[in-house]
Amino acid sequence: MGSHSDGTPQSGTVATTGTTAMERFPDPGLPPHRPRLTDVDSKAAKRAERQVVLLFLISILGSILFFIGYFGVRVDGPIYDVTDTSATTALWLQNLLLGLGIALGMFGIGIGIVHWARTLMPDHELVEERHEVRTEEQRAEAQSILTTIYDESGIKRRPLLRNTLIGAAVLAPLPFVGLLKDLGPTNLAVLRQTLWDEGVRLVRDPSGTPIRAADVTLGSTYHVVPENLASIGHNEGYLDEKAKSVVLLMRLDPDTVNVSPEREDWNVDGIFAYSKVCTHVGCPVALYEQQTHHLLCPCHQSTFDLVNECEVIFGPAARPLPQLPITVDADGYLVARSDFQEPVGPTYSQRGTHVEEMQGEAN
Amino acid sequence: MKALSQQRRHPLAVLVLMVLALLLTGGLYAVATTTNEAKAQTQTYTAQDVEEGQKLFLANCSTCHGMDGAGTPSGPSLVGVGAAAVDFQVGTGRMPMQMNGPQAEKKPVQFDDEQVQQLAGYVATLGAGPNVPEQEYLDVAEGNAANGAKVFLANCAMCHNAAGAGGALTRGKYAPSLMEVEEKHIYEAMQTGPQNMPVFNDANITPEEKRDVITYLKTLETAPSPGGFALGSLGPVSEGLFVWSIGLAVIIGFTVWLTSRSA
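Top to bottom, those sequences are chains A and B. Each step along the first sequence adds one to the number in our numbering, with nothing skipped, and position 356 is 348. One gets our numbering by counting positions in the second sequence from 1 and adding 1 to each.
Chain A extracted, bound-state conformation:
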């Protein structure tokens, strides 16, 4: 397959017999073989050997460092205690030693072996000739094998056999598509309902205290959850319910806001409540710029304009954020008038049907 170079120039020249008269420049062949310093100078070879040994020793040291970090460093006491940072500092040291130890252990071996191969192992140059192009006879032979298989399988003579095989192959993967569906909620209706309902108070997150309309001053914003969220236990889907029902509340100057006729009674003197779940892929849209009245989603920079019922002015979101209709109860606290009038959050397979149902219920 290959031939050893004897080190003389032109020794590895590739055959040029096939070239025509249109030869433009001579084939330069391979450059001459230059021996490495370690091949001619035994001192350099000795030095390279020491370097490789040093690299392997570094690897050994790294592995020892790992065990010093693993067994030698004790992390006692609470992490993030400001009055006594010794535990946090110990954890920092341990993580540093573990990472550094593993890294050096691998690094030393890898670099050492490469350095060894480059400086001390034999330095032969090999030339491998190209494969010959396949001949026509070989092609014909391969074709005849395929034809034989085709004939002997009888697919041509027994079409029923072929058709049932195709049918089986098409159907066999379908159960897995069915299983994919089970990754989502089995009952998609949970996506259209939230905890909000008529008379449910808007309360602060995380303190859970109700909000008076007068507390919401111009330019302020409240991060809000429904009051009945507190009654749901952590194992009863607390986080799921919270994730659907989070709301951002803010007061805008009523004269600057464009409100469509059917939403006129959804705000309280310029206090608006909007779902915090982005209609793109569901990140919490909570970056509120109080001067521009823009809401920014931190994930993909979708920007919603509060002045125009949260219409999308930038980014990949397809729909405005759903608005929560609110009013004031007898005690002066803000309450919801109803649930959201469209499903919150990103698109899902039955969203269109749900929107129609919800509009039907509202009318």
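Treat the hints with care, since some could be wrong.
In silico negatives: residues of chain B with every beta carbon more than 12 Å from chain A [unchecked claim]: (1) GLY27; (2) THR47; (3) MET68; (4) GLN111; (5) LEU170; (6) ASP203; (7) ARG262.
For the chain B half of the interface with chain A, some residues (derived, Cβ under 7 Å), not all of them [claimed, not checked]: (8) ALA155; (9) ASN156; (10) MET159; (11) CYS160; (12) THR171; (13) GLY173; (14) GLY194; (15) ASN197; (16) PRO199; (17) VAL200; (18) ASN205; (19) ALA224; (20) THR260; (21) SER263.
FYI, nobody ran anything at the bench for these hints, they're computed from the structure. Backbone N, C-alpha and C fix where the C-beta goes; we use that ideal spot for every residue, glycine too.
Please build the complex by placing chain B on the supplied structure of chain A, with the hints as guidance.
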């Protein structure tokens, strides 16, 4: 210069460049995050303060905010913003503004503590507004960092980052880092909602909760990072930059070394 340009293909040139770049960014960061050392001040303003404050106002602020502080097309009205807003804006160097831009940036403070107090005293007379916070609500020893973390994560972290390192907003605006910010300035920012930050009045986040938030931020400042190098606590931004620049450069360096001829 010739000697320098000949060295540019030296194997160590990339390393030297990288170290220089790191030193430059680190140095700039250190300069950008230097603290100012203003002390907390009294709550009341004498007639003399107000008078001196008005002189300072006319000389330094009235071009944009109007002779009577009622605002002009170039600057908002200061009626009702209160002493807290002045103490924050002027006390952190944001005002007087150097030039128009997406937002007023923190810079070396232009006035001494007494002048800031006089200005605040004058602006407080323009209309009722929040006063500078009382000392008891700035005392970190009294605060509850765990509750502060809850309030911070619900109200502040989306813009200022869970570690208080700051983050980008739209069109060049940004939420600044909250590290090394004075307690009273954190309080005043929540109270007054400077620039595009919303207002978090006492009905929304009570003074005690504000103290908890400040305690949480001071905790973040003092606690060492248990995971090793924090890289500015900017999450995937700085970590990604590190991997894509330093990590990839190291890998490319190794491939070049692997395929190069040994001497």
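(request) Decide, holds or violated, for the assertion that all CB atoms of chain A are farther than 12 Å from the CB of ARG262 (chain B). (result) Non-interface label on ARG262 (chain B) violated, nearest chain A Cβ at 8 Å vs cutoff 12 Å.
(message) If I take the minimum Cβ distance from MET68 (chain B) to any residue of chain A, is it greater than 12 Å?
(response) Label holds. Min Cβ-Cβ 24 Å, cutoff 12 Å.
(request) With 12 Å as the threshold, tell me whether GLY27 (chain B) passes as away from chain A on beta-carbon distances. (result) holds (19 Å)
(message) Please check whether the beta-carbon of ASP203 (chain B) is more than 12 Å away from every beta-carbon in chain A.
(response) Given that some Cβ of chain A is not farther than 12 Å from that of ASP203 (chain B), nearest at about 9 Å, it is violated.
(message) Quick check on the hint: ASN205 (chain B) CB to chain A CB, less than 7 Å?
(response) At about 6 Å, which falls below the 7 Å cut-off, the nearest Cβ of chain A leaves the hint on ASN205 (chain B) intact, so it holds.
(message) Please check whether ALA155 (chain B) passes as an interface residue: C-beta within 7 Å of a C-beta belonging to chain A.
(response) holds (5 Å)
(message) Beyond 12 Å on every Cβ pair: is that true for GLN111 (chain B) relative to chain A?
(response) Non-interface label on GLN111 (chain B) holds, nearest chain A Cβ at 23 Å vs cutoff 12 Å.
(request) Would you settle whether the hint for PRO199 (chain B) is holds or violated, based on the nearest Cβ-Cβ distance to chain A being less than 7 Å? (result) holds (4 Å)
(message) Please check whether SER263 (chain B) passes as an interface residue: C-beta within 7 Å of a C-beta belonging to chain A.
(response) holds (4 Å)
(message) Interface hint check: THR171 (chain B), Cβ to nearest Cβ on chain A, cutoff 7 Å. Holds or violated?
(response) holds (6 Å)
(message) For the restraint on CYS160 (chain B), tell me whether the closest CB of chain A is nearer than 7 Å.
(response) Result: holds, 5 Å to nearest chain A Cβ.
(message) Checking hints one by one. Is GLY173 (chain B) an interface residue toward chain A, by the C-beta closer than 7 Å rule?
(response) This hint is violated: GLY173 (chain B) lies away from chain A, its Cβ roughly 12 Å from the closest one there, beyond 7 Å.
In terms of the numbered hints stated before, the structure departs from hints 5, 6, 7, 13, 20, listed from lowest to highest.
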